[in-house]
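Enquirer: Here's the letter readout for the chains.
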Amino acid sequence: MNMLTAAREKHQGQGGHNYVRADAERIPFSTAVFDIVIAGLFDSIHDQASFFHEARRILAPGGLLIVSQPNIHSAQMVRPALGLGVAETEFHMRDGSFHRIPSVLSTPLSLDEQLAASGFGNKHILEVPAGETALTPRISQLVQKAAQKLGVEPSAVPLITVGFAVAS
Amino acid sequence: MTNPDTGLTPAQVYDQLAPEYDETDHQAMRLLEKLEEDVIARELPRYCTDIPHKRIANIGSGTGRHTGFFQRLGNERVYNLQPLSSGAVIRPSLISP
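Line order of the protein sequences matches chains A and B.
With the numbering used here as the guide, the letters of the first sequence map in order to residues 1 to 168.
With the numbering used here as the guide, the letters of the second sequence map in order to residues 1001 to 1097.
Simulated from the structure, these hints should not be mistaken for laboratory data.
Incorrect hints may have been included.
[What the hints assert, rightly or not] Quick list of in silico lysine-lysine cross-link-like pairs, DSSO-like style, CA-CA up to 27 Å: (1) A:Lys-10 with B:Lys-1034; (2) B:Lys-1034 with A:Lys-149; (3) A:Lys-10 with B:Lys-1054; (4) B:Lys-1034 with A:Lys-145; (5) A:Lys-123 with B:Lys-1034; (6) B:Lys-1034 with B:Lys-1054; (7) A:Lys-123 with B:Lys-1054.
Here the structure is a predicted model, which is why all the values come from computation and not from measurement.
Kindly produce the complete structure, drawing on both the sequences and the hints.
Expert: Printed below as a string of structure tokens:
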């Protein structure tokens, strides 16, 4: 079963959600038709400038863009421990193999600049720590390693970066 | 853009993705998703209200990332886009709002 079929089956009978498969750098929706665009783990999109341009295009003026990605500081420590390059992530394939792809991570500053260059204002970028969230043993081990290198408590290690920006 | 190591295009990779990750990574993904959703739930009221009537595009939804989140906020019409990357083929049966 492919991802699209799995998604549709999973949410069958749960309202009017629509699933489409497309290129994030050429989004097949009309201009200014959405109030909110949310993109989780957008680091796996290669051409982020084109993606931000497209997100701005499909948002109505005043619309909200929400993006998230693995935090760059943690990724720099965790990914090598997983045998990955710092700018690399991997997808799980149906045959059990892994497929590595580039992962373009931003600092809060570079994300802010990218958003501004794409026509977004009122930006708010947060580096989100694990806090008191219960971690899986594997993640907990990696977070402790990152905490040692950063010189902070494990609960203060930033795991993700989340950005909010308004289409101007 | 074809991956030089595997010779696969993004569309070919996408068609071979596993809908569910292995149990350990699946848990890790849910954890990150929960962290994201907590932050979004906290920050969203600063930017907009009336979520049930917002038109939402969810890019990179996978098989449902954030879909349930917006559903719990009363929005039943999220357009979920499973992204590929450069050079992918767009199917002709796309739904457009």
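Enquirer: Of all the hints given earlier, name the ones this structure violates by number, lowest first.
Expert: none
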